[in-house]
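**Q** Residue-level listing of the chains:
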Amino acid sequence: MMILSGDPPRSRTLSVLLVIIILALLATPFIFPGAKALNVAAKICIFAALVASYDLLLGYTGSVSFAHTMFYGIGSYAIAIALYGLGPNWTSVAVAVAAGLPLALLLALAIGLFSLRVEAIFFAMITLAVASAFLVLASQLSWLTGGEDGRSFQLPELLRPGTVFIGKEWFGFPINGRILTYYLVLSACALMILALLRVVNSPFGRVLQAIRENRFRAEALGYRTVFHLTYANCIAAMIAAGAGMLNALWLRYAGPDTSLSFSIMLDILLMVVIGGMGTIYGAIIGAAIFILAQNYLQALMSIASTAAADAGLPLLPGLLHPDRWLLWLGLLFIASVYFFPTGVVGRLRSKPGSQR
Amino acid sequence: MSDIAATDPLPKPKRDLAPLLLPVLLALLMLPLVGSASSWVTLTVASLAMGMMIFIMASGLTLVFGLMDVLNFGHGAFIAVGAYVATLVLLPLASWAQADSLLANLAVLVPAALLSMGVTAALGLVVERVLVLPVYGQHLKQILMTTGGLIVAEQTLYALFGPQIIPLPVPAALRGSFIIGDIAIAKYRLLAMLIGFAIFVAIELVLNRTKIGLLIRAGVENREMVEALGYRIRRLFLGVFMTGSALAGLGGVMWGLYREQVHASIGDELTVLVFIVVIIGGLGSITGCFIGAILVAMVANYGGFLVPKLALVSNILLMVAVLMWRPRGLYAVTSR
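These protein sequence lines are chains A and B, in that order.
Under my numbering, think of the first position of the first sequence as 743, with each following residue one higher.
Under my numbering, think of the first position of the second sequence as 62, with each following residue one higher.
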């Protein structure tokens, strides 16, 4: 209970689901050998942390930010630029962390102080504008960021796939640096999510919820709402940057498409909404459902598209083409905001028979 | 305190002229920096034309927000749809559009623009009923729903028209420039300026001289009171929403012709620009939106000429500067 900061899942089904997801993530290298499964699992971990940090903003304070990928990108690029420029060693990783986190913090502080004073809607618009400017900047400053191509780099010796700790004879496959990296990502993400749980269940988190419910009243009670909102924005930005760093370490690459693009922002929004806003646990569920669907349903779509084309149906092949994945995502998004505003977690918690 | 007789004229509202002077000052300030008078005129005309087009797209958004507190994050979709619908008319009738006669050009251009406006207005009706109405009054859900709408619209455009860039040449009679001395003014920019200005005047006239305009302005100030007086503000709002969508569609056609190409991503690209304009102008204010659009276009054009690298972030810098001066935009709407 301590480790969950006194905020258990509060639903038996939800607890079972979470335990299954966490056990599956822990055991992925052993039960699903192969690069794809490991990639999917690492992505679920990274996005669970990223989405949880976004949930702190959207779910707990009720402010919509479109700049979350910017902080994610700052983290990714910090690692990429440091490891590319300073060589693949642990000092560069430390430099990246020491430079990336404060940069994200300062930017979040500036945006927060600037736009959270007025209205939630201002914040949404200004973050959108700043994030799009940052995206352009990152793809134009090619001497630093590698432009549209991004930056590929080498990892420190310990994390490379070539570094074998335990040979094939034990598990049928070698335990190498890649698997060590996976566990590094997994444990760092778990720590970040637990830290977020601690934040939202602290007195500070209660104030955030009060601001979400009624900002005017929270202000009347004597809380400096701008301070609290900006603080939350800074925490979310730092965790997003941390998730970005893990993403870059895992992919050994940082580029606009993998860390900055608007479509990642939409993915995050969708995961929060599907999982359940304002619950933190929703982030884990949302990320797991979404990323599994993204990786295994798209293949299904391409089969359906070819089938529709073979059957000579009009329009359908185009609509079912895997590239139109976002179209169905958008429809799903609208439907889930409309019909399931509380998401999976909210649904499970409100079911009769769940522990209250 | 002196008595006020019933016959006394109402006190005039204070005029706030400082923001109006801003673009003029900026333009004059740039004259020595740009150096040559002819390039200054070209740049100024270019910024005015671009500003007018942005204004056309942004005006609907700001009114919808002012009237009903609805922020449509999917506004860019109307822009993109407008541009695509125009290609449906302009490309099959390319022979007319490329004929060297102004009359033949206009004979395709006007129906194309009208069709775009019609389609986007109808789309506006659907969006208002399906996406905005159910979550009316809840900002968070509005933002999420309309963002979802933007994705769906954009992806549908990709599915229907394909992901490639569609070229959309300017009709023959509108190509080229008028040349006065060593000053060249592109004909299409002049036309864009005229249309934009006409729309600005029309909106101001409707808002200030008609009963509907009076109701809209009253609704922006105090929605409940207008409802209490027995007017159906929902219907009024639907009308404003559809008009705003139609204007966004028109803006999309003009932007497509200005860039001479159409792509579904113009929705995203212009959403950001339009948001910046609306924030600078003050949410809900038409005059502010007009000035904001011109300022954004001026900064983009002069900035692009003087310091090309700066053009990437110039809009953000402009927004920061304006909000430092007036935190709620140039003309803040009083009730918010």
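Bear in mind the hints are in silico, worked out from the structure with no lab data behind them.
Among the hints, a few may not be true.
Now the stretches of chain A that chain B is said to cover, found in silico as 3 or more residues with beta-carbon under 8 Å [what the hints assert, rightly or not]: (1) 773 to 785; (2) 822 to 831.
Residues on chain B that point at chain A, a partial pick, calculated with CB under 8 Å [as the list claims (entries may be wrong)]: (3) Thr68; (4) Pro72; (5) Arg76; (6) Leu205; (7) Val213; (8) Ile273; (9) Leu275; (10) Val333; (11) Pro369; (12) Leu371; (13) Pro388.
None of the values given here were measured: they were computed from a predicted structure.
Backbone N, C-alpha and C define an ideal beta-carbon position, used for all residues, glycine too.
**Q** Against each hint, give a clear statement of whether it holds in the structure.
**A** Status of the hints after comparison with the structure:
no. : hint       : verdict
1   : 773 to 785 : violated (count 0)
2   : 822 to 831 : violated (count 0)
3   : Thr68      : 42 Å, violated
4   : Pro72      : 29 Å, violated
5   : Arg76      : 25 Å, violated
6   : Leu205     : 5 Å, holds
7   : Val213     : 4 Å, holds
8   : Ile273     : 26 Å, violated
9   : Leu275     : 26 Å, violated
10  : Val333     : 5 Å, holds
11  : Pro369     : 10 Å, violated
12  : Leu371     : 11 Å, violated
13  : Pro388     : 6 Å, holds
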